[in-house]
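For the record, the sequence lines run as chains C and P.
83 is the number that numbering that gives the first Met the number 0 gives to position 84 of the first sequence; each next residue is one higher, with no gaps.
81 is the number that numbering that gives the first Met the number 0 gives to position 82 of the second sequence; each next residue is one higher, with no gaps.
Where hints are given, some of them may not hold.
Note that identical chains are pooled: a pair holds if it fits in a single copy or bridges any two copies.
Unchecked claim - Straight-line distance between alpha carbons at most 25 angstroms, and here's what the computed BS3-like set of lysine-lysine pairs gives:
| id | residue 1 | residue 2 |
| --- | --- | --- |
| 1 | Lys41 | Lys11 |
| 2 | Lys75 | Lys166 |
| 3 | Lys11 | Lys141 |
| 4 | Lys154 | Lys205 |
| 5 | Lys156 | Lys141 |
| 6 | Lys34 | Lys205 |
Bear in mind the hints are in silico, worked out from the structure with no lab data behind them.
There are 2 protein chains.
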Amino acid sequence: MNEKEISLAVIKRLPRYYRYLGELMENDVVRISSKELSERMKVTASQIRQDLNNFGGFGQQGYGYNVEYLYTEIGKILGLDRRYNVVIVGAGNLGQALANYTDFEKRGFMVTGLFDVNPRLIGMTIRGIEVRLVDELEEFVKSHNVDIAALTLPKAKAPGVAADLVKWGVRGIWNFAPTDLNLPSDIVVENVHLAESLMRVSYNLKNREWEHEI
Amino acid sequence: MNEKEISLAVIKRLPRYYRYLGELMENDVVRISSKELSERMKVTASQIRQDLNNFGGFGQQGYGYNVEYLYTEIGKILGLDRRYNVVIVGAGNLGQALANYTDFEKRGFMVTGLFDVNPRLIGMTIRGIEVRLVDELEEFVKSHNVDIAALTLPKAKAPGVAADLVKWGVRGIWNFAPTDLNLPSDIVVENVHLAESLMRVSYNLKNREWEHEI
């Protein structure tokens, strides 16, 4: 299978397929037709067939899709067939929330370190992960082969810490600070800008009200 | 100005313009040329001119853009020229993190209520906002004209709570639970699916490594 041939639009939909297939597996569903999946996901069955046909031969006429097989194959495409060492920089509420999500671990994202500048948080543990002083970050990242760093720290500090992390070998940055990081293009940066997400709510509220007025 | 004429692609970029313009204002910058803004935002100057020309006459030849005027106008388009009453349902780490963001309040999103099922959290306050038992949610939503509810609760509970909130008059749902809510189409739903965001990191890490191998 050549991943290059799969369109970006399909790739964007894969995490959602993955989530639904994971739920089906939790409910011991072994196979599913595109029609059933379509009803659950509120996507047309033809869209599902088109999307999943990209992976070739997953669906069989009269049988439907093998849930586990499809789940595993989509997982591979999403890079979930390996483990990632993750550190969280910023152990405030948001950092603690991320450290508490057991779902991430199930998918291979192992939180191995939690760092903060606040000495009062040092020694606290979350699910067995000790909060360490940010001074130890360099040594930790270099000795633990850290793949991904979640940045849950104030925006003024984020660009500097991100640049350091990259220098120390981290290639994936999951950035929650409301600022752009301007890192080299071979570094993966995924921004979660919550304020921008909330503005999409207000934009849509205004816009739909406005549509109603016509 | 007819908002209908602005393309969706431009609308999607507005929160980022808004963020940059807000930072310029914080730094007492009164006007800026498309060239300067382009260098800061790492977007071509022609893209900026094209985007901002949608709002007609904001930029003046040889003067550039009036930062405050542009900030205000974009704010209006984003629906930020009014206040929104926001409740947070789920007062765990993530709910507490959202309640602690003073940035939201600056943009008019006022967190007026914080609810949880856990009696141990009841009575706790975050920035003066008391955590209440979820039993009081209906009465609160109906008497406080709540516009937006942030759902930071377990996925099994999210669809039921969302349906109740909509029944009680809430029109905007900011959903952090990793599940689809299937609400009526006139309700604004903005999903923040963190696991899907993290999968985009692993997908991109895998994909870029794979590109390097060629």
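Verification of the hints:
1. Lys41 <-> Lys11: Both, since 16 angstroms and 24 angstroms are each at most 25 angstroms.
2. Lys75 <-> Lys166: The answer is neither: 28 angstroms in one copy and 41 angstroms across copies each exceed 25 angstroms.
3. Lys11 <-> Lys141: Classified as neither: same-chain Cα gap 32 angstroms, cross-chain 38 angstroms, threshold 25 angstroms.
4. Lys154 <-> Lys205: Neither. Shortest intra-copy (29 angstroms) and inter-copy (28 angstroms) distances fail the 25 angstroms Cα cut-off.
5. Lys156 <-> Lys141: within (20 angstroms within a copy, 41 angstroms between copies)
6. Lys34 <-> Lys205: neither (35 angstroms within a copy, 31 angstroms between copies)
Comparing the model with each earlier hint shows violations of hints 2, 3, 4 and 6; every other hint is respected.
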